[in-house]
Structure formats: structure tokens, C-alpha cells
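Hey, can you work out the whole structure from these sequences and the hints?
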Amino acid sequence: MGERFRRQPLAVIGAVLLVFFVVTALAAPWITPYDPAVIDLNHRLAGPDHAHWFGTDELGRDIFSRTLYGARLSLLVATSVVACSLLLGLVAGGLAGYYGGILDTVLNTFLMNAFLAMPGILLAIAFVAFLGPGLMNLIFALSIGGWVGYARLVRAQVLAAREREYVEAARALGASDLRIFARHILPNIMQPVIVQAAIGMAGTVLAEATLSFLGLGVPPPAASWGAMLNDARSHLFDAPHLVVFPAIAVMLCVLSFNFLGDALRDYLDPRTRMSAGL
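For the sequence shown, counting from 1, position 266 maps to 266 in the numbering used here; every step adds exactly one.
Just so you know, these hints were derived from the structure itself, not from any lab. Note that the structure is predicted; figures quoted are calculated from it, not measured. There may be inaccurate statements among the hints.
[Claimed, not checked] Taking CB as the label site, the calculated pair distances span: (1) Glu58 - Met118: 33 to 39 Å; (2) Ala27 - Val244: 22 to 28 Å; (3) Pro220 - Glu165: 56 to 62 Å.
All C-beta atoms, glycine included, are put in the ideal place defined by N, C-alpha and C.
Structure (C-alpha cells):
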């Protein structure tokens, strides 16, 4: 552990932060001192103290409890969106890269480029505004805007892998296209996809916070870091703790995924690993 920390300190920090967020998110119902939705107007806008470690908001709700429950929501949305986007990207990019021809032209030139022409966050805002706030709508909207990056990456990797000798050998032995892709191509293209997924988790956490800040996330009384920041705007100067703690949570969560993504990229790249002595 000490040797790994000296070589990749940011990776260790990112892993520790991520484990902390996952554990606290899973254990939130048992470790939070208050119900995050309970209103207590007698203690509204209270500063941090022994009773409320992070203070309370304008409705008297405990910010510490809401921050932990916000981690549950952010990690759930990030995991679901990346899984859905990755699945769509593997299917679309795999078909375009493996078969090429007119299918590649339709999927890559027309469909992918059409989605890339529109900023992902604006596309998500449009979908959520049309469908209405809600957890499933939020996941769907972010997945619609996020699958294209995975599809382009998978397509490029499949284009390079489909001409390799082991693929030609499997094809000569009569293996089906599905078997060739699943058993021979997919395992050899997953390294950059995993790195992209780790970094994509960070972007999804930030996107979820952005949509919640705009009032397009999961509706109240569900705790969300973005919604907490939105509620704190009117109390920025008289109760700054309303902004500080959810903002720090977003920052640390995004940093943890970025650190892990960079570490995975260095570890899975043989040239980088050899130069670093990993």
C-alpha cells in the first residue's frame, strides 16, 4: 500500500474517497441522526453545532443527513446512466465498427454526429423539461446525451480489432459474428472503455447536480446536492454553511472519479505502466 501510494497517490486518494462515499451512501439510513425530510422551523438556518454537524437549512432540515442521502441519489444516477450509456454505446459502436458499410454510415455519420452536434447537458435539459422531473426521466435524459461518446470509442476500437489475426482465425473456424464479438473483440477493447466509464461517472454526478440545481432533477423532498445548492442561493451570506457542505460533497465525489479514471488509464496502458514501473 505504501509503495502504491508513493507511485500513484492520487489513485489511492480517489479510491479512499469513493469507498467513503459508497459506504456512507449505503449506510445512510442507519448513520444519519435525523430524517432528511423532517421540517423543524424552530431550528431553521442553525449553524453547525453538536446537534446538527452541518447545520440546518431554511426549513430546519438537517444538512448532514441530507448530504448523505444526496450521495445515495448521485451515485445511483451516475451508475445507472453510465450503465445505460455504455450498453447503448457498445451496441451502436459495435455494429458500426464490425459491419461497416451502409450501417456504419447511418449510425456514425448521421446518428452519432447528430447527437454530437447538440451539447449533452442541453439535450438532457430539453428531455427532462418535456418529460417532467423524476428519477427515471433524469436517468433517461442523461443516458440519451451520454451514449454517443462510448459509441464512438467502441467503434474506433472495433475497427482496429476486427482485422487482427485472432479474429480472422475465429472467422475461418466458422465462429458466428456474435461469438467473435463477445469472445474475441469485446475483451480486447474494454480497457479504454473502462477508463471512459470511470471519467463518465464524474461527469454524470456533475450533470445530475446541475439539473437538480435548475429544478429538473428528482422532485422534493428527496435530498439532492444540486437542489440543496439551489435552495441555499438566497442564504449565501447569512447562512453560508448551506452552500459549503453540498458543494464540497460534489467536488470530492467528482474528484474521486477523475483520480480513479486517470489512474486506470495509466495502469491499463502498457507503455505508461512500463515507464512508471507499475
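task = Check each numbered hint from earlier against the structure, then list the numbers of those it violates in ascending order.
result = none
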